[in-house]
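Asker: Quick mapping for you: the protein sequence lines, in order, are chains A and B.
According to numbering that gives the first Met the number 0, the first sequence is numbered sequentially starting from 0.
According to numbering that gives the first Met the number 0, the second sequence is numbered sequentially starting from 0.
In case anyone wonders, no lab produced these hints; they're calculated from the structure.
Careful, some of the hints might be misleading.
Given that identical chains are not distinguished, each listed pair holds provided it fits within a single copy or across any two copies.
[Claimed, not checked] Below 27 Å or equal to it, Euclidean Cα-Cα: the simulated DSSO-like pairs (lysine-lysine) are: (1) LYS121 x LYS296; (2) LYS80 x LYS298; (3) LYS12 x LYS353; (4) LYS159 x LYS198; (5) LYS298 x LYS121; (6) LYS107 x LYS202; (7) LYS80 x LYS296; (8) LYS202 x LYS12; (9) LYS159 x LYS107.
There are 2 protein chains.
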Amino acid sequence: MTFQLQVTDPHSKARAGEFATAHGVVQTPIFMPVGTAGTVKAVHFSELRSQVNAQIILGNTYHLYLRPGLNVLENAGGLHKFIGWDRPILTDSGGYQVYSLSDIRKIKEEGAEFRSHIDGSKHIFTPENVIDTQRRIGADIMMAFDECTPYPCEYDYAKKSMAMTHRWLDRCITRYNETEGHYGYHQSFFPIVQGSTYKDLRKQSAEYIASKGMEGNAIGGLSVGEPDEDLYEMTELVCDILPRDKPRYLMGVGTPANILEAISLGIDMFDCVMPTRNARNGMLFTTQGIINIRNEKFKNDFSPIDEYGSCDVSRTHTKAYLRHLMHSGEMLGAMISSVNNLSFYLWLVGEARKHIIEGDFSIWKKVTLDKVMTRL
Amino acid sequence: MTFQLQVTDPHSKARAGEFATAHGVVQTPIFMPVGTAGTVKAVHFSELRSQVNAQIILGNTYHLYLRPGLNVLENAGGLHKFIGWDRPILTDSGGYQVYSLSDIRKIKEEGAEFRSHIDGSKHIFTPENVIDTQRRIGADIMMAFDECTPYPCEYDYAKKSMAMTHRWLDRCITRYNETEGHYGYHQSFFPIVQGSTYKDLRKQSAEYIASKGMEGNAIGGLSVGEPDEDLYEMTELVCDILPRDKPRYLMGVGTPANILEAISLGIDMFDCVMPTRNARNGMLFTTQGIINIRNEKFKNDFSPIDEYGSCDVSRTHTKAYLRHLMHSGEMLGAMISSVNNLSFYLWLVGEARKHIIEGDFSIWKKVTLDKVMTRL
Numbered sequence: 000m001t002f003q004l005q006v007t008d009p010h011s012k013a014r015a016g017e018f019a020t021a022h023g024v025v026q027t028p029i030f031m032p033v034g035t036a037g038t039v040k041a042v043h044f045s046e047l048r049s050q051v052n053a054q055i056i057l058g059n060t061y062h063l064y065l066r067p068g069l070n071v072l073e074n075a076g077g078l079h080k081f082i083g084w085d086r087p088i089l090t091d092s093g094g095y096q097v098y099s100l101s102d103i104r105k106i107k108e109e110g111a112e113f114r115s116h117i118d119g120s121k122h123i124f125t126p127e128n129v130i131d132t133q134r135r136i137g138a139d140i141m142m143a144f145d146e147c148t149p150y151p152c153e154y155d156y157a158k159k160s161m162a163m164t165h166r167w168l169d170r171c172i173t174r175y176n177e178t179e180g181h182y183g184y185h186q187s188f189f190p191i192v193q194g195s196t197y198k199d200l201r202k203q204s205a206e207y208i209a210s211k212g213m214e215g216n217a218i219g220g221l222s223v224g225e226p227d228e229d230l231y232e233m234t235e236l237v238c239d240i241l242p243r244d245k246p247r248y249l250m251g252v253g254t255p256a257n258i259l260e261a262i263s264l265g266i267d268m269f270d271c272v273m274p275t276r277n278a279r280n281g282m283l284f285t286t287q288g289i290i291n292i293r294n295e296k297f298k299n300d301f302s303p304i305d306e307y308g309s310c311d312v313s314r315t316h317t318k319a320y321l322r323h324l325m326h327s328g329e330m331l332g333a334m335i336s337s338v339n340n341l342s343f344y345l346w347l348v349g350e351a352r353k354h355i356i357e358g359d360f361s362i363w364k365k366v367t368l369d370k371v372m373t374r375l
Numbered sequence: 000m001t002f003q004l005q006v007t008d009p010h011s012k013a014r015a016g017e018f019a020t021a022h023g024v025v026q027t028p029i030f031m032p033v034g035t036a037g038t039v040k041a042v043h044f045s046e047l048r049s050q051v052n053a054q055i056i057l058g059n060t061y062h063l064y065l066r067p068g069l070n071v072l073e074n075a076g077g078l079h080k081f082i083g084w085d086r087p088i089l090t091d092s093g094g095y096q097v098y099s100l101s102d103i104r105k106i107k108e109e110g111a112e113f114r115s116h117i118d119g120s121k122h123i124f125t126p127e128n129v130i131d132t133q134r135r136i137g138a139d140i141m142m143a144f145d146e147c148t149p150y151p152c153e154y155d156y157a158k159k160s161m162a163m164t165h166r167w168l169d170r171c172i173t174r175y176n177e178t179e180g181h182y183g184y185h186q187s188f189f190p191i192v193q194g195s196t197y198k199d200l201r202k203q204s205a206e207y208i209a210s211k212g213m214e215g216n217a218i219g220g221l222s223v224g225e226p227d228e229d230l231y232e233m234t235e236l237v238c239d240i241l242p243r244d245k246p247r248y249l250m251g252v253g254t255p256a257n258i259l260e261a262i263s264l265g266i267d268m269f270d271c272v273m274p275t276r277n278a279r280n281g282m283l284f285t286t287q288g289i290i291n292i293r294n295e296k297f298k299n300d301f302s303p304i305d306e307y308g309s310c311d312v313s314r315t316h317t318k319a320y321l322r323h324l325m326h327s328g329e330m331l332g333a334m335i336s337s338v339n340n341l342s343f344y345l346w347l348v349g350e351a352r353k354h355i356i357e358g359d360f361s362i363w364k365k366v367t368l369d370k371v372m373t374r375l
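So here's chain A without its partners, still in its complex pose (with noise of 0.2 Å):
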């Protein structure tokens, strides 16, 4: 995987470039829906080819590792056969579940033991078999294994957790130069960077994990409830020392806000829940504003959800058609708003692509989130 550094700001550290996979070329910045359990939620894949625009997908090692399980991906001949999308997919490594979602959980030097959430049968994910997971489930870029820690954590908590975290990266690099691509192609490993909300602990989780020299680098433990501009503190740092000429990827992030700042910071790669759990809330983001659509006031409102939206659904359905599949429970609402809130992703980090290469990415970031995150 070659990144190619194509434009720089000359007013922000933001990036525009491209990396290519063996399942086609990622545009940077770039925004990655969540395909958690092998679906991004209610909508079709082509949709995501056709009206999101999505460059690539991200797929949860826990839940697909659970469901339908790894036999029957390797079987199948792969994720993206599985699924059938033929464009480049990242996985998770799985940690982030299991420490979010899975009732009983064991964190020793060894690995993290588990009891699936499904059935409660227990599981052990170590750095080397987290590697050798996503070999089979066949991802474009595989993730580090790591700690992610929680908000608040105390410093000594997250030194520590970081030192193991590191030393479970330096497992995953060795089992990862061992082992080859499950189905034939090239597979890119991420090393993520921890160290809570600790300038000098990302500093030296950055260095350490600059230092590996992998195709690309990923920041984890951020968004996970601490103030934006501890968020932001912690990414300009991190990105000023991760390598200029590899990706960077800030994990789980956020809001528009989150993302257009991020990337004037120097951020390249993105993936949130937001848009399409949101979306199933009545949550919509749109070009000309932020709408919960259940509201009274869209009752009769005959106007498109976004009239400039870059989705078919967002510009012929009106708000009031919306509010009513929504409270009357149909799907077809968070079909619909999720189409609309993933395309908005997509619209907003191609946008700020054009501008970097345009030269006046700052002066639009401005205007464009004083728009977008007004509530309607």
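Mind docking chain B on chain A? Use the hints.
Answerer: For chain B alone, coordinates are given in the frame of chain A:
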């Protein structure tokens, strides 16, 4: 609305025809997907158009009256505009849902009193206000307000109910004739034959309905639990009485076998929740047979859902993937299954029409039923 009877099968009573509405032409025999509350559950309108090839859909007056309500629909310019569907729409009269869904209901000569299943509010449907309601919804085809008797039904009750349905019909027709297309285009009106499973009542009702000379005629009160023999016997008896030169609509029917059998008896129009409801439960209709996709045996079946299906999702997604989605409770499972099943139903009636025109309907029907009703 003019019905053109194009071809009559020489070996059965099957017919191919077409009728024109203000929103376009419908070729019969036809199946109408049920769009209960202004949405065919889990299906985008773009899919209904290009994948399912639906020519006409059904809306439920009871649901639409309660939510979003007539004012919203009227402000939108009618149901077509509200939901973004520019092809024909037929609405039922709401009677069936009053009897099956509302908590408390009281049927009297004036009409049917009921409490909303949503908020318990009290309402009354009368023959007159149901016409007004369907006018305001803007249906291309409006249905008479009738009492749909349950099965089994005592003869005396069936007889009295039928007589009231006939009196209600006269009131419907009076109101229909007093009013005009609410949005400037013509709205047709179909009366409904009742009479439970009693031949003399069905004959009497069919003669009464036929004598009204409306633009089309419907058969109600079937597919409510009676044996298939009764369904077919009543359908044949009624079809032989209803005018040849008007479309005949068999309400709420049915399985693929029911539909092909009823076509052979002279029915032109169908609606049923079966394809969409069964889809959400994982029961799939395919050109190769019936599939319970949740079954263990599909876990590693990477063949297409329906290799010869008429919609993209059926040909591109595998049985193993759809099984995974259904087991994971993912919306995409219901979405794919619903499009698959509706496409199958529209394919079935489309093929029936083709073979009626080609003159080999009866042979085709036998071969096809053996195949599509097989449990895979």
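Asker: Taking the hints in turn, state whether each one holds.
Answerer: Going down the list of hints, with the structure as the test:
Only between protomers do LYS121 and LYS296 lie at most 27 Å apart by alpha-carbon distance; the minimum there is 25 Å, versus 49 Å within a single protomer. Taking the closest pair of Cα atoms, LYS80 and LYS298 come within 27 Å of each other only across two copies (15 Å); inside a single copy the shortest separation is 42 Å, beyond that limit. In the homo-oligomer, the alpha carbons of LYS12 and LYS353 lie at most 27 Å apart inside one protomer (15 Å), although the nearest pairing across protomers, at 64 Å, exceeds that limit. In this assembly of identical chains, LYS159 and LYS198 lie within 27 Å of each other by CA distance solely inside one copy; the values are 15 Å within and 84 Å between copies.
Taking the shortest alpha-carbon separations for LYS298 and LYS121, only the inter-copy value of 22 Å comes in at or below 27 Å, while the best intra-copy value is 49 Å. For a Cα distance limit of 27 Å, the shortest separation of LYS107 from LYS202 inside one copy, 24 Å, qualifies, whereas the shortest one across copies, 80 Å, does not. For a Cα distance limit of 27 Å, the shortest separation of LYS80 from LYS296 across copies, 19 Å, qualifies, whereas the shortest one inside one copy, 44 Å, does not. Proximity of LYS202 and LYS12 under a CA criterion of 27 Å is satisfied intra-copy only: 18 Å inside one chain copy versus 82 Å between copies.
When the C-alpha separation of LYS159 and LYS107 is checked against a cutoff of 27 Å, the pair qualifies only within one copy, where the shortest distance is 12 Å, while the shortest distance between copies is 77 Å.
No hint from the list above goes unmet by this structure.
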